[in-house]
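From first to last, the protein sequence lines are chains G and P. Just so you know, we're using numbering that gives the first Met the number 0 here: the first sequence kicks off at 0 and counts up by one. Just so you know, we're using numbering that gives the first Met the number 0 here: the second sequence kicks off at 0 and counts up by one.
Wrong hints could be hidden among the right ones.
What follows is a set of in silico ranges between Cβ atoms, one per label pair, in the way DEER data are often shown [to be verified]: (1) Thr-60/G to Ala-98/P: 15 to 23 angstroms; (2) Asn-10/G to Pro-31/P: 31 to 39 angstroms; (3) Pro-31/P to Cys-126/G: 25 to 33 angstroms; (4) Lys-52/G to His-89/P: 40 to 48 angstroms.
No wet-lab data here; the hints were simulated from the structure. Quick reminder that beta carbons are idealized off the backbone N, C-alpha and C, glycines included.
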Amino acid sequence: MNFPSQTAHVNPWSAAAMIACVVLCSTTGEVLTAAAMKSLGDLDEIRAQSGLKGAIRAVLTCPLFFAGVSFLALAFFSLLFALNHLNLSLVAPASASLTLVTNAIAGKIFLKENVDRRRWTAAVLVCIGVYFLAH
Amino acid sequence: MILGLVAVCAPLGDSCLSRGMTGLPAISLSHPATLIAAVFTPWVAGGIALLIGFFASYLTALSWADLTFVLPATAFGNVIVALLSRFWLHEPISLERWAGIILITLGVGFVAQGPSLTERPQKPVDENAAIDGSGDASHVIDAPAREEWPGQAEQAADLETAAMDDLAQEQPR
Chain G
0 MNFPSQTAHV
10 NPWSAAAMIA
20 CVVLCSTTGE
30 VLTAAAMKSL
40 GDLDEIRAQS
50 GLKGAIRAVL
60 TCPLFFAGVS
70 FLALAFFSLL
80 FALNHLNLSL
90 VAPASASLTL
100 VTNAIAGKIF
110 LKENVDRRRW
120 TAAVLVCIGV
130 YFLAH
Chain P
0 MILGLVAVCA
10 PLGDSCLSRG
20 MTGLPAISLS
30 HPATLIAAVF
40 TPWVAGGIAL
50 LIGFFASYLT
60 ALSWADLTFV
70 LPATAFGNVI
80 VALLSRFWLH
90 EPISLERWAG
100 IILITLGVGF
110 VAQGPSLTER
120 PQKPVDENAA
130 IDGSGDASHV
140 IDAPAREEWP
150 GQAEQAADLE
160 TAAMDDLAQE
170 QPR
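So that you can see chain P by itself, here it is in the shape it has in the complex (with noise of 0.2 angstroms):
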């Protein structure tokens, strides 16, 4: 559902962004403070909404999933983009174009057949992941995850001591 998300706001919100922007005069480097005027006409706004509504659930998904596995669910949005172009802003799709957007799923299939989540060799917890629920990357939160390396203690105490010596030896100065 998240992703779904992800790949429904994203070209909704691109789209809202074309239509208000396409209505505007043309803008140009030296007038850089008519690029925030533009932010706050209907359409763009909408687009920006959207956009955030997009923004939370990937900041969602990229918590429990690769990023190389999180952009696919993007890059779907382009078939969106090219129907909502085609059909709501009558812009021009030549076969090329299509031939392009098609190549692009292609790759996007590609990606989306592997595994979400890279496999790291040191630590297979695709079991304990669907049991404690912690998944890959709970390394600041999760203070249960840092009992898997007990060495990491020992290593952390020891650069606090070799801190504590270089504090010592410059106090004197």
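Okay, chain G solo, but in the shape it has when bound (with noise of 0.2 angstroms):
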């Protein structure tokens, strides 16, 4: 069974722009829960204190992860779109590995995360795959 390859079909730059679309959301997002997680502490603990019930009902109740979830679901969407005019193997491995990078400046920013020279370098290697996977 062979599916057509779709990538060929698109303009690089309305590409560019789903692809940015995705990331983009999926930062925020994604800053905003691992935000959500950490004011809420181990998972673990708390479902060791107030059962699985507990540890839903404190994922639930925080506000901050309802609006990380907005931006992911965004992005699953965005996602969704680009799949259907991109191929799998450009716009899955493009998406996650620039997230990865504005990941690591946001953590930087907004969560004060460490992020030392050796991180660096691996965004810069994962920059440099970033176009030979879409050249």
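Assembling the complex is the task here: the two chains are given apart, and the hints tell you how they should meet.
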């Protein structure tokens, strides 16, 4: 069973815009979700104390979590739209890798995570990888 | 195990979504409702079920590790995506794309070699975390963690007093 290659029929700028939309929504959603989970604490410990329902209640009563999920849902529908026009082997690695880089930047700025030289090197390697991937 | 679920469920879910979406006619921005209808097709629904499993594992991992540590686990799934795309969806993958995927994997390896949690100089809790299991992020649920900053209670009391004063000044208006 062969599926047609769709990427060749799409304008490169349109492809970049689709991927950028996925990356921006995804980064915002993941940073908000990470902030929400950090504010809650260790879910395993909450589950040990309050049971599974308590853990689910703790997550579902966190406003930051819903803000994050809203952006992740937006990213998901952007991904569906992109997959309808582009190949999975381009969209999935490109969006995932760029999201890794933007998350490293957002994690340093907003979550105050320690993004050291090793992590920046990784970001550069991933950027080169994405260039080859989209070339 | 949780990070393994994150790495496996995400690419499997993406592959199901791709298979479902490529089987549909092209969707334009002028008809966004067709995207909603696409959710109920079998392959896309299966992909969503897998991605729900991924999200539950992902949330659990985020509660005890940095975002920049959890993400490499999902990024490693790119290799799985490439293999699935090549052998299951029969999509063409050029040598350059393979090189890109290898470079991304190297980058992910760099990140994974670092510490999983951000080092907080004011709060060296590595040994304490192993004992009480509270980890680095116990701000809301774990009440005893608040005792680590005795000044915090005084600051809160001062703020509360200031707020009451403000209220008292505003009330006559």
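Going through the hints against the structure:
A C-beta distance of roughly 46 angstroms is found between Thr-60/G and Ala-98/P, which places it outside the suggested range of 15 to 23 angstroms. The hinted range of 31 to 39 angstroms is not satisfied by Asn-10/G and Pro-31/P, whose Cβ atoms lie roughly 20 angstroms apart. In this structure, Pro-31/P and Cys-126/G meet the distance hint of 25 to 33 angstroms, their C-beta atoms being roughly 32 angstroms apart. Separation of Lys-52/G from His-89/P is about 45 angstroms and conforms to the stated range, judged on CB atoms against 40 to 48 angstroms.
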